[in-house]
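Undergrad: Here is what each chain is made of, one letter per residue.
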Amino acid sequence: MRKKLKELAEMVGGEVLGNGEIEIVGANSIEGAKAGEITFIAHPKYLGKLKDTEASAIVVSKEIRESGKPLLSVENPLLAFTKILILFTSKPYQPRGIDPGAWISPSAELGKDLSVYPSVYIGDRCRIGDRVTLFPGVYIGEDSVIGEDSILYPNVTLYPRSIIGKRVILHSGVIIGADGFGYVKEGTKNLKIPQLGRVRIEDDVELGANTTIDRATFGETIIRKGVKIDNLVQIAHNVEIGEDSLIVAQVGIAGSTKIGKNVILAGQVGVVDHVEIGDNVRVGAQSGVPYDLAPNQGYTGSPALPHQEFLRAITTFPKLPEMRKSLLDFEKRLKKLEELIYSKEKEKKDD
Amino acid sequence: MRKKLKELAEMVGGEVLGNGEIEIVGANSIEGAKAGEITFIAHPKYLGKLKDTEASAIVVSKEIRESGKPLLSVENPLLAFTKILILFTSKPYQPRGIDPGAWISPSAELGKDLSVYPSVYIGDRCRIGDRVTLFPGVYIGEDSVIGEDSILYPNVTLYPRSIIGKRVILHSGVIIGADGFGYVKEGTKNLKIPQLGRVRIEDDVELGANTTIDRATFGETIIRKGVKIDNLVQIAHNVEIGEDSLIVAQVGIAGSTKIGKNVILAGQVGVVDHVEIGDNVRVGAQSGVPYDLAPNQGYTGSPALPHQEFLRAITTFPKLPEMRKSLLDFEKRLKKLEELIYSKEKEKKDD
Amino acid sequence: MRKKLKELAEMVGGEVLGNGEIEIVGANSIEGAKAGEITFIAHPKYLGKLKDTEASAIVVSKEIRESGKPLLSVENPLLAFTKILILFTSKPYQPRGIDPGAWISPSAELGKDLSVYPSVYIGDRCRIGDRVTLFPGVYIGEDSVIGEDSILYPNVTLYPRSIIGKRVILHSGVIIGADGFGYVKEGTKNLKIPQLGRVRIEDDVELGANTTIDRATFGETIIRKGVKIDNLVQIAHNVEIGEDSLIVAQVGIAGSTKIGKNVILAGQVGVVDHVEIGDNVRVGAQSGVPYDLAPNQGYTGSPALPHQEFLRAITTFPKLPEMRKSLLDFEKRLKKLEELIYSKEKEKKDD
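Protein chains in written order, with numbering that gives the first Met the number 0: chain A, 0 to 350; chain B, 0 to 350; chain C, 0 to 350.
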């Protein structure tokens with residue numbers, strides 16, 4: 000594919016500074032770009048890196064008006080560059096067909112143009128949408144549904160009755176619908192509470208490698224449209240995650256908790272059960288959330304505090320030993336002053 | 000199945016308040032229950048929820064004596080309800096037989112009434128008990144033993160010589176018996192210490208999705224009877240976990256550590272190597288345990304403190320900046336007082 | 000195999016104390032050793048344990064000159080014992096051949112003496128080195144390369160274009176090359192940034208069960224020679240880990256971060272994106288690293304502080320409530336003194 004720089008500018012709503020007639024044949028990183036390719040810098044502070052790039056054009060932010068090369072000036076360079084990258088790198092879907100080494104229940108309903116690899120298992124009464132890709136070792140438990148254009152990478156497991164939307168990407172090792180962790184003590188014994196619900200993954204969700212989403216006790220564990228979840232994340236039974244939220248690697252969310260829309264939970268965050276996190280909340284890495292969080296704010300710490308409050312406290316934390324020393328010192332000095340003054344007072348009174 | 004409410008009361012040792020003759024056909028959540036089904040509330044504070052339920056009867060705690068519907072009054076509503084739920088939802092085991100797409104060593108000993116799916120691998124000299132279920136992608140390394148009625152969900156791996164008890168449930172992606180993380184430095188190089196032991200999982204254990212239990216260096220890593228472990232948990236070599244303990248998601252336990260009976264480790268807890276946690280200990284979420292913990296207590300924090308001590312300290316933590324400000328203020332005020340007083344003292348002496 | 004104690008001493012560069020002519024037939028733990036076997040103790044404090052061992056000889060550190068049994072005295076008992084253990088327990092590689100139940104692309108290049116189990120998938124144009132072992136359920140995406148003598152345990156996934164060195168061990172459930180977690184917000188929507196790079200694992204690396212290493216956005220995510228990574232670790236896109244570093248279980252490293260050589264990250268550590276950790280750094284368990292760390296030091300805490308500084312502060316942490324009480328008390332006492340003194344001052348001036 001070849002595009003003139005001015006055509007790319009039109010596509011992303013940007014302005015060409017320099018020769019818009021040059022032809023671009025690909026998009027790449029600053030270090031990797033070759034002649035003919037376009038690259039980007041996200042911020043003027045990276046301007047220096049442009050010296051060494053072989054790229055023929057650069058997507059830049061509005062502040063940058065000049066460099067030796069043709070520029071494509073936009074509000075959000077990463078966004079514009081991503082669109083250009085997608086243009087140059089997306090490949091049309093090629094159905095592979097159904098490998099005879101797959102095991103498919105006669106009662107399963109299969110869409111058109113599937114790619115089903117060897118060692119796939121599709122259980123009774125499953126419905127698989129058009130153009131779905133199932134890599135080797137994928138297991139689809141009975142009565143599950145997978146929407147069109149979804150991709151399940153190798154060794155993904157769907158327990159029975161899982162509902163997967165359209166254009167969903169499940170990376171290798173994802174496990175959908177294992178039993179929630181529910182027991183009730185009878186004396187010291189743990190009696191298992193049957194986990195009878197299921198998991199619903201809506202359209203355009205992507206789940207990272209080895210992430211686990213447990214089935215609900217009753218009802219549904221729900222991952223809403225557009226949610227993106229990183230690797231090794233644990234989502235417990237009956238959790239609901241609102242649209243377009245981002246959940247970074249190794250986060251754990253306990254049972255029945257509700258996460259709002261457009262939330263960001265950074266890496267290794269833990270959220271207890273039965274709480275609510277409001278829309279647009281951002282929680283810093285390794286934080287612990289033991290209570291509801293009001294919307295539209297940032298929080299950090301374990302337990303999580305409003306971000307600025309946490310920063311002030313944690314900045315003081317290394318000064319604790321010195322503070323304690325001051326306290327012991329003050330104690331002595333105060334005592335000395337008190338003795339001196341109160342004895343004089345006493346003398347006076349005695350007079 | 001149909002049971003009169005009074006029959007259920009007898010089964011769980013409760014008392015009927017209202018009409019004990021009504022017939023119950025199922026058990027469900029407050030929101031999901033239909034006419035003919037029984038539901039439960041764990042606490043009087045949820046009484047308001049009963050307005051909207053379609054359930055025909057409710058399992059309640061002793062404090063609740065009245066609602067518009069027949070009640071089943073018990074000490075522990077969740078426990079009683081779980082028993083009723085099990086009654087209505089458990090299905091008799093149906094052996095599926097052995098799929099020709101499974102690979103089974105001729106030297107393996109197979110029990111009766113197995114369910115072995117395609118793409119299962121059973122290694123040399125394994126012994127598989129009666130009524131065991133092995134889902135697709137399960138790998139059983141040589142010389143392993145699986146007790147009767149156990150279920151291994153898709154893509155579970157047992158390394159060689161693993162011992163699995165009766166009625167054990169291993170969820171998808173569980174990995175039993177991978178090498179412990181053992182190296183010794185030779186200069187800067189890491190020399191691998193051979194990991195020659197194995198893993199023993201006793202009866203009635205359940206392990207969550209993608210949990211990993213490493214084999215011992217020598218001897219055994221042991222998960223005792225009735226232990227329940229959640230998803231994405233790491234159990235290192237030579238660990239022993241005592242009976243009926245509960246290990247919540249994403250916990251990590253380092254090598255040779257010994258966890259007592261009936262312990263609860265909440266989500267994301269870390270325990271260092273070579274320590275002992277006493278019986279009945281409860282450790283709060285995200286805590287770090289760097290030393291032995293005495294039995295029968297709750298601990299929180301990293302490093303873990305007795306729970307109340309941690310709570311008092313963490314509550315003061317956000318006040319650190321203000322405390323530091325006070326200290327700086329006191330310093331000035333003290334100095335001023337000291338100058339004033341000691342100069343007067345000096346004057347006096349000089350007099 | 001049989002070796003005289005003096006032969007073992009020669010092999011590990013140690014000194015025999017006692018009868019060097021006795022024959023040793025194996026190596027084992029103190030508890031497990033039988034007559035004819037050698038064991039070790041790492042430190043004089045474990046001397047007491049020797050009473051009960053049945054071992055015929057003991058590897059000990061230089062401080063120990065006597066026990067009832069022949070000793071092999073060395074600088075580093077664990078290192079010497081490990082070498083002896085390897086001598087007695089390593090088995091020659093036996094190729095199993097290629098199972099007809101494996102799916103292998105006609106365009107793949109296969110080395111000699113492979114062990115390829117059933118349900119393995121080898122994609123187009125892959126190159127597999129001599130004596131590689133691929134256990135059941137292993138998936139090798141197209142254009143991947145695996146160096147000689149490497150072992151991939153069951154259900155390992157290599158996404159396309161992965162590069163694996165020689166003598167690499169990938170434990171079950173390892174996922175190499177899944178897409179990095181890269182999105183750019185377009186309004187509230189998350190636009191996926193194509194992940195076009197790959198993963199390179201150099202020689203002599205070992206990765207633990209269910210560990211995930213994401214492919215680079217552009218370029219390579221690199222795990223250098225001799226690195227050992229434990230279970231359930233997350234390595235994000237474009238990370239580089241320097242030679243011989245040790246990464247303990249459940250660590251998470253965010254995108255583009257660079258870890259030096261011979262670093263140790265203890266369990267559950269988190270490292271943010273785009274930082275550098277210097278050579279020989281040691282980071283304590285559960286620490287959070289939000290900035291660059293200078294080489295050759297130990298750090299602990301979240302955010303990580305130099306280890307001693309953290310220790311001093313965390314030791315003071317439980318005293319916070321008492322410190323706050325002191326502050327309130329001092330406030331009162333100071334005020335009282337001030338009132339007394341300044342009123343007298345005022346009186347004097349008024350005089």
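In case anyone wonders, no lab produced these hints; they're calculated from the structure.
Wrong hints could be hidden among the right ones.
The list cannot tell twin chains apart, which means a pair is met if one copy fits it or any two copies do.
Pairs of lysine-lysine residues, derived as DSBU-like cross-links and limited to a Cα-Cα distance of at most 35 Å, are as follows [what the hints assert, rightly or not]:
(1) Lys-50 with Lys-334
(2) Lys-61 with Lys-2
(3) Lys-257 with Lys-335
(4) Lys-331 with Lys-345
(5) Lys-343 with Lys-82
(6) Lys-257 with Lys-224
(7) Lys-165 with Lys-191
(8) Lys-68 with Lys-318
(9) Lys-68 with Lys-188
(10) Lys-5 with Lys-343
(11) Lys-224 with Lys-111
Undergrad: For every hint, state whether the structure bears it out.
TA: Evaluation of the provided hints:
no., hint, verdict
1, Lys-50 with Lys-334, "neither (67 Å within a copy, 59 Å between copies)"
2, Lys-61 with Lys-2, "within (22 Å within a copy, 73 Å between copies)"
3, Lys-257 with Lys-335, "neither (57 Å within a copy, 52 Å between copies)"
4, Lys-331 with Lys-345, "both (21 Å within a copy, 20 Å between copies)"
5, Lys-343 with Lys-82, "neither (82 Å within a copy, 77 Å between copies)"
6, Lys-257 with Lys-224, "both (15 Å within a copy, 34 Å between copies)"
7, Lys-165 with Lys-191, "both (34 Å within a copy, 15 Å between copies)"
8, Lys-68 with Lys-318, "neither (51 Å within a copy, 54 Å between copies)"
9, Lys-68 with Lys-188, "between (72 Å within a copy, 32 Å between copies)"
10, Lys-5 with Lys-343, "neither (90 Å within a copy, 84 Å between copies)"
11, Lys-224 with Lys-111, "within (24 Å within a copy, 46 Å between copies)"
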